[in-house]
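Chains as they are written, first to last, in my numbering: chain A, 1 to 451; chain B, 1 to 451.
Simulated from the structure, these hints should not be mistaken for lab results.
Take these hints with a grain of salt, some might be off.
The list cannot tell twin chains apart, which means a pair is met if one copy fits it or any two copies do.
Derived DSS-like pairs (lysine-lysine); straight-line CA-CA distance at most 25 Å [as the list claims (entries may be wrong)]: (1) K66 to K112; (2) K286 to K317; (3) K10 to K78; (4) K286 to K21; (5) K298 to K33; (6) K189 to K98; (7) K54 to K98; (8) K21 to K244; (9) K255 to K145; (10) K145 to K5; (11) K306 to K78; (12) K66 to K387; (13) K98 to K255; (14) K99 to K255; (15) K66 to K10; (16) K244 to K98; (17) K189 to K33; (18) K112 to K145; (19) K360 to K78; (20) K34 to K145; (21) K145 to K264.
Given the structure is predicted, the values throughout are model-derived calculations rather than measurements.
So the chains spell out like this:
Protein chains: 2
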Amino acid sequence: METVKKILLKPAFYDGWTNVKIAGWVSSNRGNKKIRFIELNDGTTVINLQLVFKGEFDFDLLDSLKPGSALKVAGSLKATPDAPQPIEMNVTEIISAKKVDEDYPIQNQEIKLETLRELPHLRHRTNVFRSIMLIRSTLAQEIHKYFAHRDFFYMNSPIITSNDGEGAGETFSVSDGNINDPFFGKNNKATLGVTGQLHGESYAIGMNKIYTFGPTFRAERSNTKRHLAEFWMIEPEVAFYDLKDIIQLADDMLKVVIANTVAKHQAEMEFLDQYTNNGLLERINKFIHTPLQIVDYKDAIEELAKVRNIFENKDIKFGLDLGSEHEKYLTEKVYNAPIAVINFPKDFKAFYMHQNDDGKTVAAFDLLVPGVGELIGGSQRESDYEKLTQRVKELNIDQEDLQWYLDLRRFGHLLSSGFGVGFERLVMYVTGIENIRDTIPYPRTNGNIRM
Amino acid sequence: METVKKILLKPAFYDGWTNVKIAGWVSSNRGNKKIRFIELNDGTTVINLQLVFKGEFDFDLLDSLKPGSALKVAGSLKATPDAPQPIEMNVTEIISAKKVDEDYPIQNQEIKLETLRELPHLRHRTNVFRSIMLIRSTLAQEIHKYFAHRDFFYMNSPIITSNDGEGAGETFSVSDGNINDPFFGKNNKATLGVTGQLHGESYAIGMNKIYTFGPTFRAERSNTKRHLAEFWMIEPEVAFYDLKDIIQLADDMLKVVIANTVAKHQAEMEFLDQYTNNGLLERINKFIHTPLQIVDYKDAIEELAKVRNIFENKDIKFGLDLGSEHEKYLTEKVYNAPIAVINFPKDFKAFYMHQNDDGKTVAAFDLLVPGVGELIGGSQRESDYEKLTQRVKELNIDQEDLQWYLDLRRFGHLLSSGFGVGFERLVMYVTGIENIRDTIPYPRTNGNIRM
């Protein structure tokens, strides 16, 4: 069976093909009892294929196929270079059809995103969600392709874990309901992982270049446009890489994956550019072609201090944890480019980051992009067992729980670096969609577990 | 930086290269204070690269690099066509090195699999686990590649869900510890998904061809060699496909993915063939080249009844839920080929399977392979709202919870079919490893949540 996407990409090639079978869902239906035009969407692209019915058909049946109805037909393709759409199908046979009930809730394409959030099982049948979700899927597949081509090991870190990763953030606990005899044992915590990094590091030492791509969880009750309780993360970790190497990998991965995805979804990107009306395509194209700049945290602070009065938080000095307003100013106004801010004060960064010789900063980076701010955070890891253990003690983290992780430093950890990408944040960036609930099929947030 | 895998695959190409950089971990170390031979593994293959140190080196340092130590060197490559290994490196510079502490637990390669299960953060540094895990990673990447090349949508079904999928099996519940004000709301269940299928079906209607690949969970307390509490599933779902179409997809997917993976891991497959000593390579090669046979359940029962006395369960008649002994007999003795048994009695199959016209059977299939038994189960789905709802009532499944799913049949569900593959079962099959705990980096079972 052909797909609408393939046909639309090569109308001259398909011109004149006969007995082509197409199946999909009715987007619109107009005409009379003698001729009928049905726009069919088969899920492969946001664009519909126009089906023309003339001659001996059951026009009563055709008339009854409201939007959402399923339809499989055979017909011949005819290029229409002068029409808005480059090719259409003259149907010769209705193979099968199924009407939709009257209460089908997607009756037009003008429904608000908020309303559609109540219908996660149906909303991908609108143009806007079809576009977002197609791009999401391709981004994920391109990420796997990127790493597979570069000999990275795909690591499945555990989802249920007795470690809480960064020692920060609220975790969900997991139970089979048996309180007296917990499933995973009386003395074990069992929580949903907030990161796959620590387990990923254990595999980087031995497998060399690894990445995780799996779901992670935070039980945070803040209801914002940028937070989910369940979200997917990509976390590469590379042995023998230092901070400079890992920043280069992050930059290259983002640009290659985004460029390949956009190239495969011209129609969906153009649709979203019009829909969001926020210069999406221009922003993405500029990002792909603008070299990353590396900015030391202390230089960034100097730049911000020059204009401190424009910020809500004017307390610009070494030690400031950059807010969204500061990040956007740096990447949009000062550098007008994607930037990696490096060498942050250790006080607000995680315990496992490599401690620089100055005793104050760590070899961490945040990758910021115009229009959105932070897309990626990462660091070189502390390889020195004594320094790492000292930091764990300073921060009152339970050493016993983490001993297996600390031991990696005694067992062949010469150097390693890694980063994390929140996948739904990446989907937001590439699609221009402003609420993270609209970037994942079934969003989970505080109070919301629809279906 | 080059990888050992690339170098070993093309020794003639790399012969004579100078200043090549390699980093990895010491597998073995022998020699004296004048010449030293270190076998280095860089994680890209089970085979080591021999490093030769002659001349002006710190031989005390070299002597101290016990197995597990990290080492980065530069040197020149020399093909050695007459030696067991086709190429070796004459080291010219030690770039960096890090010794391993004396208590590094992987002191030799003869450790039992059971012992290594206590060390999930280190066991991938043995030949057997390095081989298994490399194959696991490539299988996963090849699965994504297979579906991406065929325009399948990659669907992320939710992990935390208020649906329990098949209405069978024990689920884990999820909580943030607040009993009076549950995170997902007072009237909502929140469990870890046992399948992504139902949500996957909702996307197949609209997106056409989809697959999930994500973690799923069962809180079963049975401790067997074939069960995990946390495991990964691949669940394709295709609109407009009937039983015959979906069986063809399952067969093709398995063969293409396994053939591509084996081709990339000759060395690891040969190592495992020797290690498991169970005819692994022959079995896999035969599977790839033997056409699938389709067998009606009632014909299978006839075949089994002919030899009923050889089975423990001799009660062979229509209605029997085939046991492992029956499955193995069918695929290994009767057909000597991979088989798809179809049209099972509806009584022991799930509610959503398409009800055949005989009123007794459903359009389900189990794909069985010699040596292992069931690898895949799937079905055409029931598209008729009334029949499906009737079945839900017969089985006393809570209809309200599933109403969104049932509604898909009223909203454009003409036909769809799908199947599920337990990813770790697939890894068992391809690697020949007999305990499922050895196919995933950090296995979770009843009473076990190490790290």
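These are the hints, each one checked on the structure:
1. K66 to K112: Within one copy, since 21 Å is at most 25 Å while 64 Å is not.
2. K286 to K317: Neither. Shortest intra-copy (31 Å) and inter-copy (68 Å) distances fail the 25 Å Cα cut-off.
3. K10 to K78: within (12 Å within a copy, 50 Å between copies)
4. K286 to K21: neither (40 Å within a copy, 35 Å between copies)
5. K298 to K33: neither (73 Å within a copy, 48 Å between copies)
6. K189 to K98: Classified as neither: same-chain Cα gap 50 Å, cross-chain 34 Å, threshold 25 Å.
7. K54 to K98: For K54 and K98, only the intra-copy Cα distance (20 Å) is at most 25 Å; the inter-copy one is 77 Å.
8. K21 to K244: The answer is between: 18 Å across copies meets 25 Å, while 52 Å in one copy does not.
9. K255 to K145: Result: close both inside a copy and across copies, 14 Å intra and 20 Å inter.
10. K145 to K5: For K145 and K5, both the intra-copy (21 Å) and inter-copy (19 Å) Cα distances are at most 25 Å.
11. K306 to K78: Classified as neither; 63 Å inside a copy, 59 Å across copies.
12. K66 to K387: Between copies, since 23 Å is at most 25 Å while 67 Å is not.
13. K98 to K255: Classified as neither; 43 Å inside a copy, 34 Å across copies.
14. K99 to K255: neither (44 Å within a copy, 37 Å between copies)
15. K66 to K10: Intra 29 Å, inter 60 Å, cutoff 25 Å: neither.
16. K244 to K98: between (57 Å within a copy, 21 Å between copies)
17. K189 to K33: Result: close neither inside a copy nor across copies, 67 Å intra and 50 Å inter.
18. K112 to K145: Neither. Shortest intra-copy (35 Å) and inter-copy (35 Å) distances fail the 25 Å Cα cut-off.
19. K360 to K78: For K360 and K78, neither the intra-copy (69 Å) nor the inter-copy (47 Å) Cα distance is at most 25 Å.
20. K34 to K145: neither (49 Å within a copy, 45 Å between copies)
21. K145 to K264: This pair counts as both: shortest intra-copy Cα distance 14 Å, inter-copy 15 Å.
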